[in-house]
Amino acid sequence: MNKNSEINTNNKNTFLTDYCLHLADNSLILAQRNSAWCGHGPILEQDIAITNISLDILGQARNFYQYTAEILNSSKNNSSAAVTEVTEDSLAFLRDNREFKNCLLVEQENGDWGKTILRQFLFSNYQYLLYLQLQNSADEKLAAIATKAIKEVTYHLKWSSEWVIRLGDGTEESHQRITQSIHELWPFTEEIFINAKYENELTEDKIAVDVSVLKDAWYKKTAAIFAEATLTIPENVFAQKGGKHGAHTEKLGYILAEMQFMQRAYPGCIW
Amino acid sequence: MQSFIKKYYYGDIPDDVAGSTTVISKEINKDATWPLWEVFIRSKQGLDHKHAGSLHAADAQMAIENARDVYTRRNEGVSIWVVESKYIHSTNPDEAESFYEPAADKIYRHPTFYDLPDAVKHM
Amino acid sequence: MDLHDFPALFQQKIDSETKIEPLDWMPDAYRKTLIRQISQHAHSEVVGMLPEGNWISRAPSLKRKAILIAKVQDEAGHGLYLYSSCETLGTSREATINDLHSGKAKYSSIFNYPTLTWADMGAIGWLVDGAAILNQVMLCRTSYGPYARAMVRICKEESFHQRQGFDILYTLSKGTDEQKAMCQDAINRWWWPSLMMFGPKDSESNNTDQSMKWKIKRKTNDELRQQFVDMCAEQVKVLNMTLPDQELKWNTETQHYDFGEINWDEFWNVVKGNGPCNKERLDARRKAHDEGEWVREAAKAYAKKRAGKNKHIAA
Numbered sequence: 000m001n002k003n004s005e006i007n008t009n010n011k012n013t014f015l016t017d018y019c020l021h022l023a024d025n026s027l028i029l030a031q032r033n034s035a036w037c038g039h040g041p042i043l044e045q046d047i048a049i050t051n052i053s054l055d056i057l058g059q060a061r062n063f064y065q066y067t068a069e070i071l072n073s074s075k076n077n078s079s080a081a082v083t084e085v086t087e088d089s090l091a092f093l094r095d096n097r098e099f100k101n102c103l104l105v106e107q108e109n110g111d112w113g114k115t116i117l118r119q120f121l122f123s124n125y126q127y128l129l130y131l132q133l134q135n136s137a138d139e140k141l142a143a144i145a146t147k148a149i150k151e152v153t154y155h156l157k158w159s160s161e162w163v164i165r166l167g168d169g170t171e172e173s174h175q176r177i178t179q180s181i182h183e184l185w186p187f188t189e190e191i192f193i194n195a196k197y198e199n200e201l202t203e204d205k206i207a208v209d210v211s212v213l214k215d216a217w218y219k220k221t222a223a224i225f226a227e228a229t230l231t232i233p234e235n236v237f238a239q240k241g242g243k244h245g246a247h248t249e250k251l252g253y254i255l256a257e258m259q260f261m262q263r264a265y266p267g268c269i270w
Numbered sequence: 000m001q002s003f004i005k006k007y008y009y010g011d012i013p014d015d016v017a018g019s020t021t022v023i024s025k026e027i028n029k030d031a032t033w034p035l036w037e038v039f040i041r042s043k044q045g046l047d048h049k050h051a052g053s054l055h056a057a058d059a060q061m062a063i064e065n066a067r068d069v070y071t072r073r074n075e076g077v078s079i080w081v082v083e084s085k086y087i088h089s090t091n092p093d094e095a096e097s098f099y100e101p102a103a104d105k106i107y108r109h110p111t112f113y114d115l116p117d118a119v120k121h122m
Numbered sequence: 000m001d002l003h004d005f006p007a008l009f010q011q012k013i014d015s016e017t018k019i020e021p022l023d024w025m026p027d028a029y030r031k032t033l034i035r036q037i038s039q040h041a042h043s044e045v046v047g048m049l050p051e052g053n054w055i056s057r058a059p060s061l062k063r064k065a066i067l068i069a070k071v072q073d074e075a076g077h078g079l080y081l082y083s084s085c086e087t088l089g090t091s092r093e094a095t096i097n098d099l100h101s102g103k104a105k106y107s108s109i110f111n112y113p114t115l116t117w118a119d120m121g122a123i124g125w126l127v128d129g130a131a132i133l134n135q136v137m138l139c140r141t142s143y144g145p146y147a148r149a150m151v152r153i154c155k156e157e158s159f160h161q162r163q164g165f166d167i168l169y170t171l172s173k174g175t176d177e178q179k180a181m182c183q184d185a186i187n188r189w190w191w192p193s194l195m196m197f198g199p200k201d202s203e204s205n206n207t208d209q210s211m212k213w214k215i216k217r218k219t220n221d222e223l224r225q226q227f228v229d230m231c232a233e234q235v236k237v238l239n240m241t242l243p244d245q246e247l248k249w250n251t252e253t254q255h256y257d258f259g260e261i262n263w264d265e266f267w268n269v270v271k272g273n274g275p276c277n278k279e280r281l282d283a284r285r286k287a288h289d290e291g292e293w294v295r296e297a298a299k300a301y302a303k304k305r306a307g308k309n310k311h312i313a314a
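Listed in order, the protein sequences are those of chains A, B and C. Going by numbering that gives the first Met the number 0, the first sequence opens with residue 0, and the numbers climb by one from there. Going by numbering that gives the first Met the number 0, the second sequence opens with residue 0, and the numbers climb by one from there. Going by numbering that gives the first Met the number 0, the third sequence opens with residue 0, and the numbers climb by one from there.
If you're looking for bench data, these hints aren't it; they were derived computationally from the structure. Quick reminder that beta carbons are idealized off the backbone N, C-alpha and C, glycines included. A couple of the hints might just be wrong.
[Stated by the list, open to error] A few chain B positions that, by computed beta-carbon distances, are all more than 12 Å from chain C:
hint, residue
1, ARG41
2, GLN44
3, ASP47
4, HIS48
5, ARG72
6, VAL77
7, TRP80
[Claimed, not checked] Between beta-carbon pairs, the in silico distance windows are:
hint, chain 1, residue 1, chain 2, residue 2, range
8, A, ILE269, C, LYS308, 31 to 37 Å
9, C, LYS31, A, ILE149, 48 to 54 Å
10, A, PRO233, B, VAL77, 39 to 45 Å
11, A, ARG97, C, LYS286, 33 to 39 Å
12, C, LYS286, A, ALA238, 50 to 56 Å
13, C, GLY89, A, GLU227, 36 to 42 Å
14, B, LYS29, A, ALA137, 53 to 59 Å
15, A, LEU93, B, GLU83, 34 to 40 Å
16, B, TYR86, A, ILE149, 35 to 41 Å
17, B, LYS49, C, GLY89, 20 to 26 Å
18, C, SER91, B, ASN91, 20 to 26 Å
Next up, chain A with everything else stripped away, as it sits in the complex (with noise of 0.2 Å):
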């Protein structure tokens, strides 16, 4: 192998793992908002409704992990031994916050009830449109990642499009606190649908999907949803960016903060 072709490899596997741990970064962080309505949740059928939805995206994220590790595990062999192994948790809690790749979105408060699952609207109608593309990524790994989620993903996006209706044409309350949500979570949700280096490199290859394609399908869907729960889209937004390529909102910190405590406390044990 020639050092061209050589780098060129390395290159590729680092935008193979930069887009991995960005899927699996997104999951993680939107689990571990979700996983805190576990106990607290408005009624006990919703209460394990979202915590069901928490664990599908949990296991989502630890495909992820554990597929990155692999390849950078095997990378690793290939130059330098004896190096500490990666593993899913070494990823997920050893990281900080500029090396997290998750958007912006998924990072943002639970609020109360109607937040959390418009966020989780915003985010499942994305989800589906990516996975149903990524089924038929180059990379089997990450297809057959896809086509174990879509099914989840399709339930989620399913739950929570009926429960932006509910509240958007529930009560005049409940209108006016979904709709100020939205208010406050449009802004992330541009972000999305603008591919990161790491996407760019890896579409032509057809192993990532085009995120910019996807906006309008995306749009569509979320028109039909907010109009048939009488609520408009906001218009002429100033859209947040930079989560993609480690750059987020302050309140990332503290998510990892309190997530990564015990790795961080007590460095290199076995739980």
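With the hints as your guide, set chains B and C onto chain A.
Relative to chain A, chains B and C alone:
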């Protein structure tokens, strides 16, 4: 101390010993309570739907989804029925005598009632 | 016997192991005892989500996080099954929950203790769930049909809870010195409260035991507690840890472990609301319920609107 220790079991502490230092009473908001639904689950193709339990939901659609989340977390079902509990009609156990016992009288429905002549075999 | 001697017929059913079903005649006191016991059991499941839910966000690995979430979620399910069986006795879930929130109803006092370290997740699984399971296995044969059926379902799901707890402790016991210390500390703090879960000693009761006669319960507090001590005294050896009781020792005569006296003052104080976390636990439940009110209201309002629309189409 001794005087008010009666025999209680786990989960069965009497109400005269308050669980909280303060009692705050609140009216139930009827507009915020969801009706009760009965859930029936077919555990696999070829079997009848079987009563699994009940739950609360605002409407039928939600009841089905809640049933999925509550009663099929361990792949227990392939099909779910829900019906609002108030629509279930039932026999009255106090009338069990009039309902079931007449059948107990009608022993002529049972073949052993007939004392057949020995000559007739294998009927 | 007179055919209309309902109490006698009822007891006859109980004695012949016929389950009592919701619409059957039952003595008022039987109904009341059941409502009290089942609702307390339900509240215990739901309040019991809090001390463990407390550690979901800080679970030390992704696998542990997933297991813990699933476990706490199961408890919500168990609370729900129990509230449902309580409803078959004629009390609505809303009213039952209202009694909890008003401070009138009880739940197991064990959940008023704080979860301070990750090892507490292990200790709760092993000891608290272990104690609960002994009680619940017995209750699978309780005389009231819906309660027994809920318990069967719960016991099936519960089987992994105690194991995951023991597994957490076992892993800690094989770990660093810090982890071992964390493990022993959690066992020390949860041991006595777990023994208290079985309730006062049999000898301190001079009441006739109606619950046993009605076969709501089938074993006494002391029987269950002894069974628990015997079980844990053996299992703790596998962990290479100790139970915090100087008097714990095998008695060759009784073929059981002898153990020390429970601090009943502490027990009653926690029951009465003076536990370290009584206030936090109730506040958290009230807050969830109050903040969920507009959500439940909206869903109901929407359901009504939609039902109205459908009627319109039908007409």
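Each hint tested on the structure:
Every beta carbon of chain C lies more than 12 Å from that of ARG41/B, the smallest distance being close to 17 Å; the non-interface claim holds. At roughly 22 Å, the least C-beta separation between GLN44/B and chain C is larger than 12 Å, which holds for a residue marked as non-interface. Distance check for ASP47/B against chain C: the nearest CB is about 17 Å away, which clears 12 Å, and the non-interface claim stands. At roughly 16 Å, the least C-beta separation between HIS48/B and chain C is larger than 12 Å, which holds for a residue marked as non-interface.
The claim that ARG72/B lies off the interface is violated: its Cβ sits roughly 7 Å from the closest Cβ of chain C, which falls inside the 12 Å cut-off. Distance check for VAL77/B against chain C: the nearest CB is about 18 Å away, which clears 12 Å, and the non-interface claim stands. Non-interface call for TRP80/B relative to chain C: holds, since the shortest CB-CB distance, roughly 16 Å, exceeds 12 Å. At about 57 Å, the beta-carbon gap between ILE269/A and LYS308/C misses the expected band of 31 to 37 Å.
Our hint of 48 to 54 Å for LYS31/C and ILE149/A holds, since their Cβ atoms are close to 51 Å apart. At roughly 42 Å, the beta-carbon separation of PRO233/A and VAL77/B lies within the given 39 to 45 Å, and the hint holds. Against the hinted window of 33 to 39 Å, the Cβ-Cβ separation of ARG97/A and LYS286/C comes to about 35 Å, which satisfies the hint. Checked against the given bound of 50 to 56 Å, the beta carbons of LYS286/C and ALA238/A, roughly 34 Å apart, lie outside it.
As the Cβ distance of GLY89/C to GLU227/A is approximately 39 Å, the hint placing it in 36 to 42 Å holds. Between LYS29/B and ALA137/A the C-beta distance comes to about 57 Å, which sits within the given range of 53 to 59 Å. Separation of LEU93/A from GLU83/B is about 51 Å and departs from the stated range, judged on CB atoms against 34 to 40 Å. Checking the proposed 35 to 41 Å range against TYR86/B and ILE149/A shows it holds: the Cβ atoms sit about 36 Å from each other.
Our hint of 20 to 26 Å for LYS49/B and GLY89/C holds, since their Cβ atoms are close to 24 Å apart. Restraint check, SER91/C to ASN91/B: a C-beta distance of roughly 22 Å satisfies the suggested window 20 to 26 Å.
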